[in-house]
Amino acid sequence: MSAQTRPETVGDREHAGPRAGRRARGVTGVLLLLVGLATVVGWGLGSGPGDATFSFGGGTVVTLPDLTLPGTVTPVLLGGVVALLGLYQLARGFSSRRTPLVAGVAVVAFVLAFLAWAMSGGEGSSIDLVRLLRSTVFLATPLILGALAGVLGERSGIVNVAIEGQLLTGAFTAALVGSLAGSLGAGVVGGVLSGAVVGWLLAVFAIRYRVNQVILGVVLNAAALGFTGWAYKALMQSDTARFNSPGVLQPVAIPVLSEIPVLGPLLFEANVVVYLMYVLIVALQVVLFRTRWGLRTRAVGEHPKAADTVGVPVLRMRYVNVVVAGGMAGLGGAFLSVGTIGPFTENMSAGKGFIALAAVIFGRWTPKGAVAASLLFGFFAALQTLVGVLPYGSSVPASFLSALPYLATIFAVAGFVGRVRPPAASGEPYPA
Amino acid sequence: MSTDAPATPVQPPAGTPRRRRPTAGGEWLVTVFAVIGALLVGAVLIAVGDARTRAAAGYFFTYPWDTFSNAWYAVRDAYVALLEGAVYSPVLSGAAALGPISETLVNATPLILGGLAVALAFRVGLFNIGAQGQVILGAIAAAWLGFAFDLPVVLHLLVALVGGVLGGAFWGGIVGWLKARTGAHEVITTIMLNYVAINLLIFLLGVPGFQRPPYGQAISEQVDASATLPPLLGGPLRVHAGLLLALLAALGVHWLFQRARLGFRLRAVGANADAARTAGMDVGRLQVVAMGLSGALAGLAGASQVLGVSGSVTGSVAGSIGFDAITVALLGRNNPWGVVAAGLLFGGLRAGGVQMQSATGVPVDLVGVLQALIVLFIAAPALVRAVFRLRAGGRGVGTELAGGWSR
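Residue numbers (the working numbering), protein chains in the order written: chain A, 1 to 432; chain B, 433 to 839.
Note that these hints are calculated values from the structure, not bench results. Computed from a prediction, not measured in an experiment: that's the story for all the values here. Each residue gets a CB set at the ideal place from its N, CA and C atoms; glycine is no exception. Where hints are given, some of them may not hold.
One-sided and incomplete, this derived list gives chain B residues near chain A with beta-carbon spacing under 10 Å [stated by the list, open to error]:
#	residue
1	Arg486
2	Leu590
3	Leu610
4	Gly638
5	Thr759
Stretch by stretch, here's where chain B covers chain A in the computed footprint (C-beta under 8 Å, at least three residues) [stated by the list, open to error]:
#	stretch
6	230-244
7	377-384
Covered stretches of chain A (chain B as the covering partner; in silico rule of three or more C-beta atoms under 8 Å from a C-beta of chain B) [claimed, not checked]:
#	stretch
8	35-46
9	214-220
10	400-412
Please construct the entire structure, taking both the sequences and the accompanying hints into account.
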């Protein structure tokens, strides 16, 4: 949309010329080539004698057969594919619209090759892909909700670095209200509302008091961390039964959909927060790009003065969007506590808000992009817990896997995976 | 947007009458009232967290006085303990009487260094959220040089310190380089590098040679005595020579921005990058230098923690220094001596918070709330003026920063 017509910024003018574009293409190509070769050499030639078996979970009606692949040939082939993509990128170049797809193929190939390698160290080890993806969705849920909040805020021109604080506050309030009211539903609502309150604070200080939004986000995070930590020790620890035993939201299988072989157990045997998340993903994507409200939101985020001139209430749009976004992040927080383990623990968001922020940028400020990025990050988190039990898995430091998403984000923002363009007025107070 | 509305360093906040120049006195008043406001909010939290007050609130309408008196006692005891833990306690005598001050200074040292790091970057228009990662890199480098090599007494300490500085400078320099070469926004890259740094640390803490035998715990080898920062007062008092380094660093930053040609250029980039470029300055290179210097200061903070306080590295070696440093820089208004004062204040709050928790049971996390509120209030001077009905002008902090991602 209007990202293309946005006036070039200082940084862009210097760096995003055709020369820089070619260089970024070259870097991407070399990167793909290197990943491909590393896959062939590291995972392929370095593999053991065993086979790699991928199973597909227990479908209730249809069970898919296990897929057993040779442990050496598979990584070599997959690595070859990635290397070929890199060569093509160097020679001809993929169009920028294809870049996410190419990157996705490369990531999937790399990960499958890695898994095949990790299993090849011994006989008879297998990975249940459905279980892996299930825990991916599970781990990605708070990230997705946080990232959706980030997208909505930034599209209307407010940078939300406080996602972390909103997740934490949401988790805390959900556990507290859930315990006091004796109702998990009330807890979830409480979590949403508390996230919205943090969003409101963000909006008031950013819009009315014109505080620099990144600073504001950092400060709100610190406040949320301090406040929930204080309340956890002052209230919850002294009387856990009363203040911090909300129980856990149980998964609800959706009657027909959960019977679908792979997708059923993957997507439709989750708790209510996950289902709400599905709705929110679709709703946000539609609202942002197919409705008048979305058009106005994007206008306010790209060029508030123009929007103001044609009568769009800039500040009101921003207030509403940021508060609603806060509610989404609060829902993500509720998932962390009552949706996952029940009680609140100190600093239980543990940086997930910052990963969500990375997903916003990685996903190029679109809901579907943010969801894809969140799933990718969730996948690496799920992989980390799973790889340790595989024959070769323990030889890969877990910290390497957990650092990958962050490194990938750095590559993405550095433009090695194609330019990312923020909404033009994101972070700018209005009126200027 | 950036081309037609470059960031102006001095910009009166909306809703205030335009004054010719914001006065320093106004800024002081705002700071003082921000602290008072934060303490008032903190008092409410203490009262709510107090079990007796909550019990008394149960029969509030039959006998309201109990609620208020209990709340008052809880708040008074907590803040008195805070003060005693930070400054002076009448129960302690002799050398122990200096204990609270010593603890305040120990806590203030990394905050001052980290605060200087963040403030230096702020002055150049860069937001360094990555002090945390740079502290970690500094700690790793200093610890490794401190235990892996056998060197003479003074030299060993110097090598370890320089290693810590270079470690942090490298981590910060990456950010500056990415910004200059690709336009990648430093807020994102620093946040990501924080996580890369912590993962690197966790990885190293599992590697024999870095990890301390018998490899049961995630803790590094002990730094040699020849590489430790000497204590300043001795005895049980923990305050160490890192404090002097912090003060020297403040002097250095002051000199850089007031006297040095490089500092002038850096400030020019911070004030208006376009103008600096037009004047022939290599903005990209200056950004790399600024992030390198900023990382160097943060790395020194990490080195000072390892060589002066802990003697080894664990997963929590950086604590929350990197994030507290942001609040210190903001409270100090990016001025080196302001940062020293802010570091002392927050160091005192930290030291006092520990005493408050042990004496009255009010969780030390309250200090985090106070810290955040103080900064929130001084970042929104219009709010403080409205609440306390102040008249003087004074601008919010961080106005030299770009607002969004795109610049």
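Outcome of the hint check:
1. Arg486: Given a least distance of 9 Å, the restraint on Arg486 of chain B holds.
2. Leu590: violated (31 Å)
3. Leu610: holds (5 Å)
4. Gly638: holds (7 Å)
5. Thr759: At about 7 Å, which falls below the 10 Å cut-off, the nearest Cβ of chain A leaves the hint on Thr759 of chain B intact, so it holds.
6. 230-244: It holds: at least three residues are needed, and the stretch 230-244 of chain A offers 7 whose Cβ sits within less than 8 Å of chain B.
7. 377-384: violated (count 0)
8. 35-46: It is violated, with 0 qualifying residues against the three required.
9. 214-220: n = 6 at 8 Å, threshold three: holds.
10. 400-412: holds (count 7)
In this structure, the earlier hints numbered 2, 7, 8 are contradicted, and the remaining ones agree with it.
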